[in-house]
Amino acid sequence: MSDCERDLIIVGGGVAGMTAAIYAARAGLDVLMLEKATCGGIANSSCSVENFPSHQAISGMELMQRIRCQVQSFGVAIEELVEVEDIDVESPTKVMTTATGQYAAKTLIIATGSTPNRLPIGTSCDDRVHYCALCDGPAYKGKDVVVVGGGNTGFDESLYLVTLGVRSVVIIECLDACRAAHTIQQNAQSTGKISARTLASVAAIAPEGDRLHVTIEDVVSGSTDAIVADGVFVFIGQRPNTAIVRGKLDLSQSGYIVADDRMHTSEPGVFAAGDVIAKRYRQLTTAMADGTIAALEAAGYLRGCV
Amino acid sequence: MLQDITLLRSETFDAYVAGAPNCLVLVFRQGCPNCQVLMAVIDRCRARWPRLALAGIDADQSPDLMQEAGVTKVPTVLVYRNGVPSARKAGVMSPSELMALVASGSAPVV
Chain F
1 MSDCERDLII VGGGVAGMTA AIYAARAGLD VLMLEKATCG GIANSSCSVE NFPSHQAISG
61 MELMQRIRCQ VQSFGVAIEE LVEVEDIDVE SPTKVMTTAT GQYAAKTLII ATGSTPNRLP
121 IGTSCDDRVH YCALCDGPAY KGKDVVVVGG GNTGFDESLY LVTLGVRSVV IIECLDACRA
181 AHTIQQNAQS TGKISARTLA SVAAIAPEGD RLHVTIEDVV SGSTDAIVAD GVFVFIGQRP
241 NTAIVRGKLD LSQSGYIVAD DRMHTSEPGV FAAGDVIAKR YRQLTTAMAD GTIAALEAAG
301 YLRGCV
Chain W
1001 MLQDITLLRS ETFDAYVAGA PNCLVLVFRQ GCPNCQVLMA VIDRCRARWP RLALAGIDAD
1061 QSPDLMQEAG VTKVPTVLVY RNGVPSARKA GVMSPSELMA LVASGSAPVV
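These protein sequence lines map, in sequence, to chains F and W.
As numbered in this note's numbering, residues 1 to 306 make up the first sequence, in order.
As numbered in this note's numbering, residues 1001 to 1110 make up the second sequence, in order.
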């Protein structure tokens, strides 16, 4: 083992994991947080967070950095760029194996979050299919783009693209209505540059000169037409990061960790929080609530009170 | 994050990569979360590459250079050997993936 046995190891440094870390440290636990990339998780990619109480609008990365500073202020050990490859969840001492060593703890919180889904079609134009408007949006100033996904993220990112100077955005949504919050949809409409098509999906993306020929399929009739655009941005939900616990913890049919309302998983001493658990709403605020409960339950478990 | 790397522009790019037997160029954008992650990965790995020149292209400051290099996504890592492009990959990588990319595109650098 490269480390002593801790009270608690939190796997995943997104907002659920970081909130759990704050509560656990305040409860007097010796906490280590392991993050495979850098802290913040998927929220780092949010151009603007407008539904986080206390901030009217803040960039996702800035918000996550502030929370990380708060975690550090409580003396939580944070190890980034450490990917857990295997977990022993059955033994009283939980052991995590990484490329560089092993870590052990009496309790464990799995907060590994989720990964954005990829566009489920092959294309030779992958270099112009993007998953992060913050990263790749500026190259499309004065150009036309297609955004796949009519949820909050799809609309938020579309608004961000327009602020960058993108000429037009067509949002493609396969459901019969866009699921983004009403106010965001109104904001998008008021730009005059963002339109949405429902009951539609992207069937193919092919080069057309130096632009893209995006084939749009009507999901009801199967008929197709095309949009000529310069780039495609994809925001079609996420899949849970549960590979390391598959076969070890109970998972839902969709692959999310099954946790009860106190964030207990199917293994004693192992808790889960955030986007990785099976639940209806996946928001920063619900992830924080999960992290809070998981940390307090872990502390209770260690005291023998659970 | 990622201190002490040479920031390249159109007028300095060719001479820089030609002058280094092995060179890693990171194409990045300020405020790009995936770039932040990859910078941390490069920082973690750089001690293992004492003879690898590290440079960067700021996509916002040098869009022409980015286009010249055929880069459409950030972050992208370009590896050059004796001034010739030898490997490239876009997106976030783990330390082991980055080390494999560098190993595939360069003369021994450790």
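Mixed in with the good hints, there may be bad ones.
[Stated by the list, open to error] Going by beta-carbon spacing under 10 Å, a handful of chain W positions derived as facing chain F: (1) Q1036; (2) P1085; (3) S1096; (4) A1100.
[Stated by the list, open to error] Okay, the calculated beta carbon distance ranges per label pair: (5) W:D1043 - F:R280: 17 to 23 Å; (6) W:L1007 - F:R262: 47 to 53 Å; (7) F:E62 - W:D1060: 17 to 23 Å.
Hint data in this document are derived by calculation from the structure and do not stem from the laboratory.
Being a predicted model, the structure only gives us computed values, none of them experimental.
Even for Gly, the Cβ is constructed at its ideal location relative to N, Cα and C.
Ascending list of hint numbers which this structure does not respect: Violated hints (numbers, rising): 2, 4, 5; every other hint is consistent with the structure.
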